[in-house]
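What follows is the residue order along each chain.
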Amino acid sequence: MKTVISVIGKDTVGIISKVSAVCAKYNANIVDITQSVLQDVFVMVMLTDISSINCPYHEYAEDFKALGNELGVDIRVMHEDVFNSMHRI
Amino acid sequence: MLNLHDIMETVNMIQQENLDIRTVTMGISLLDCSDSDINHACDKIYDKICRKAGNLVKIGCDIENEYGIPIINKRISVTPIAMIAASSGGDPVLYAKALQRAADTTGVNFIGGYSALVHKGFSSGDEALIKSIPEALNVTSNICSSVNIGSTKSGINMDAVALMGKVIREAALLTADRNCIGPAKLVVFCNAPEDNPFMAGAFHGVGEPDCVVHVGVSGPGVVQSALKKCPQSDFGAIAETIKRTAFKITRMGQLVGSEASRRLGVPFGIVDLSLAPTPAVGDSVARILEEMGLEQCGIHGTTAALALLNDAVKKGGVMACNSVGGLSGAFIPVSEDAGMIEAAREGTLSIQKLEAMTAVCSVGLDMVVIPGETPAEVISAIIADEAAIGMVNSKTTAVRVIPAIGKTKGQELDFGGLLGSGPIMDINLSKSPKKFIDRGGRIPAPMQSLKN
Chain A
1 MKTVISVIGK
11 DTVGIISKVS
21 AVCAKYNANI
31 VDITQSVLQD
41 VFVMVMLTDI
51 SSINCPYHEY
61 AEDFKALGNE
71 LGVDIRVMHE
81 DVFNSMHRI
Chain B
1 MLNLHDIMET
11 VNMIQQENLD
21 IRTVTMGISL
31 LDCSDSDINH
41 ACDKIYDKIC
51 RKAGNLVKIG
61 CDIENEYGIP
71 IINKRISVTP
81 IAMIAASSGG
91 DPVLYAKALQ
101 RAADTTGVNF
111 IGGYSALVHK
121 GFSSGDEALI
131 KSIPEALNVT
141 SNICSSVNIG
151 STKSGINMDA
161 VALMGKVIRE
171 AALLTADRNC
181 IGPAKLVVFC
191 NAPEDNPFMA
201 GAFHGVGEPD
211 CVVHVGVSGP
221 GVVQSALKKC
231 PQSDFGAIAE
241 TIKRTAFKIT
251 RMGQLVGSEA
261 SRRLGVPFGI
271 VDLSLAPTPA
281 VGDSVARILE
291 EMGLEQCGIH
301 GTTAALALLN
311 DAVKKGGVMA
321 CNSVGGLSGA
331 FIPVSEDAGM
341 IEAAREGTLS
351 IQKLEAMTAV
361 CSVGLDMVVI
371 PGETPAEVIS
381 AIIADEAAIG
391 MVNSKTTAVR
401 VIPAIGKTKG
411 QELDFGGLLG
421 SGPIMDINLS
431 KSPKKFIDRG
441 GRIPAPMQSL
451 KN
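In order, the protein sequence lines correspond to chains A and B.
Using our numbering, read the first sequence as starting at 1 and increasing by one per residue.
Using our numbering, read the second sequence as starting at 1 and increasing by one per residue.
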C-alpha cells in the first residue's frame, strides 16, 4: 500500500528532512517527492510505500500530524487510492 | 507520480471546502425476526442488528483514518417495523426500544426504519405503528421514523395523510420540552426510495438483499468553490463545472463504499449522489444558487437555478459509480443550511417558494419550522400538496415539518448539531382546508402511472 503525505504551510528550514526522518523511523520507503513554494506557501507531496512499516498504521499517521503541529504546517497522510479514484477514470 | 495540482485539489476539498462522506448506512432485513411473541421478536431484532453491524462503526473509523476522508455518520436502516409488528401485534413502541438498545450497543448515531408503507391502504400493524410514532420518538433518541403515504403507481392515501397531520403535531407536543425534536426525526414520503442511506427517511426496502451497505456523499462547499472560479460563464459552462465536481465527489463515495463492503463482507448497494448541506459555513446548497447569480436564495430564479444544479449533480455522478440510488440530487433542508436559514430569517425564502423548489430538487419540504398553533389539518394539507407534486412528476417528495409548540412567526427553534436551527416560517392559516382533509379515501393514481 502507498500513501500520499501532503505538507502545506509556511516555508521553514528542514521540513523535508524532518518528514523524511519520520518515514525512516517507521521504515516507510519514499517512492517519489515533489515540492514547490507558491507565494511563500510551501507545498510538498511525498509518495511513500508503507508495505513494510514497523508500527500500526494509525501510529504512523498520528506521528505526522504531531510533526505538523510542531512545525506549524498542515501534514496529511492519505491512501494513494483516494487520488487515483478521484482524478483517473 | 500523481499530479501535484490534483493532490492539492483533493486536499483542499477536504480541508477547506468540507468534502466528506456524509453517511455509510448498513441496510439490514428484519423479515426473519418476525415472531408471534413481541418480546421474542424484539430480542431477535436486537441480536441480528448487533451481529451484522457490530463492526460498522469501527470499520467506518478505520477507513476514515486510513484514507483521510471524513465519514461523518455511521447508520443503520431496517425493514419497516410495521411489517414485523403485523405478525406479533402488541405495542409497537417495544420495537422502538429494542432498536434504541441496538443503536446504543453498535454505537451508530441513527437507526431508521420505524416505518410503514401505506400508499394504497393500511394493512395489519400499519395503523397501530403510525399511531405509536409520537411516543416512540419521545422515548428514544436515535430512532428515525418514516411513512410512505403515496406513490405514482397507487395515488395518495388521504386517510394516512389526515392521520400524519395529527401524528406530527402530537410528536411535537410530546417533545415540546426538547425543542420539539420529535418531528425532526419523522418524514412523510411520496414515492419513498427503498435504498436511501440518509436520515430521517432511511429504511431497508423489502426488495433489498438481507444485508447491504449504502453510501451517501456530500460536498456543497466543493461545488460552490468550483463555481466561484467561473463568475462570467454561461449556463452550459456552469453545468459542465458542476458535473465535473460531482464526478469527483462521487468517486470518493464509490471508493469508500467498495472498501466498506469488502471489510464488512456485505454487498455494496448504492451511492446516493446528494449535496447534503450542514449549518457550517461553506457547506450550503443555497450559497451555490447564490453563486450562480441570485442575490439571495428564495427570489425569482431560484427554482431554475436549483433545477440546473440537481440535474448536473446527477449527470456528473452517475458515471462515477457502479450503482446510483437513494434520493440523489440536491437537498434543501432549511434549518440545516446556513444560506437558507439566512434567507428564511430575512423573509426572502417563503414556504410557497420552497414548495416550488421541491418540484425540481431531490426531496421536499425538509426541516421547515412552522408556527406551534398550526392545526393538524393544515399540516395534512401541506403533506397532500407535496405528495401531489411527487405523484404527478414520478419523483420522491417528502415533508419534514416541525411545529414549534408555544412559539410563533419571528421566533426560532434551535436543534443544535447537524439539524441546525430554523426560523419559524409563515403559514397561511387564515382559511381552513379541514373539510377537504376530512373527506378521506384515496386520490386515484394519475395517468402517468399507466405505463405498461
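Worth flagging that the hints you see were computed from the coordinates, not collected in a lab.
Incorrect hints may appear among the rest.
What the hints assert, rightly or not - With a cut-off of at most 30 Å between alpha-carbon atoms, the simulated DSS-like pairs for lysine-lysine come out as follows: (1) B:K243 with B:K166; (2) A:K2 with B:K153; (3) A:K10 with B:K228; (4) B:K120 with B:K153; (5) B:K131 with B:K97; (6) B:K229 with B:K315; (7) B:K58 with A:K25; (8) B:K58 with A:K65; (9) A:K10 with B:K314.
Stated by the list, open to error - To list a few chain A residues with every Cβ distance to chain B over 12 Å, as calculated: (10) T12; (11) K18; (12) K25; (13) N29; (14) A61; (15) G72; (16) E80.
As the list claims (entries may be wrong) - Which residues of chain A face chain B? A partial, calculated answer using Cβ under 10 Å: (17) M1; (18) I8; (19) K10; (20) V13; (21) N27; (22) Q39; (23) D63; (24) V73; (25) D74; (26) V77; (27) M78; (28) D81; (29) V82; (30) N84.
Since this is a predicted model, take the numbers as computed values, not measurements.
All C-beta atoms in this analysis are idealised placements derived from N, C-alpha and C, irrespective of residue type, glycine included.
Status of the hints after comparison with the structure:
no.	hint	in the structure
1	B:K243 with B:K166	42 Å, violated
2	A:K2 with B:K153	50 Å, violated
3	A:K10 with B:K228	25 Å, holds
4	B:K120 with B:K153	9 Å, holds
5	B:K131 with B:K97	16 Å, holds
6	B:K229 with B:K315	21 Å, holds
7	B:K58 with A:K25	27 Å, holds
8	B:K58 with A:K65	21 Å, holds
9	A:K10 with B:K314	39 Å, violated
10	T12	19 Å, holds
11	K18	19 Å, holds
12	K25	19 Å, holds
13	N29	15 Å, holds
14	A61	6 Å, violated
15	G72	15 Å, holds
16	E80	7 Å, violated
17	M1	9 Å, holds
18	I8	7 Å, holds
19	K10	16 Å, violated
20	V13	22 Å, violated
21	N27	18 Å, violated
22	Q39	13 Å, violated
23	D63	13 Å, violated
24	V73	12 Å, violated
25	D74	7 Å, holds
26	V77	6 Å, holds
27	M78	3 Å, holds
28	D81	6 Å, holds
29	V82	5 Å, holds
30	N84	8 Å, holds
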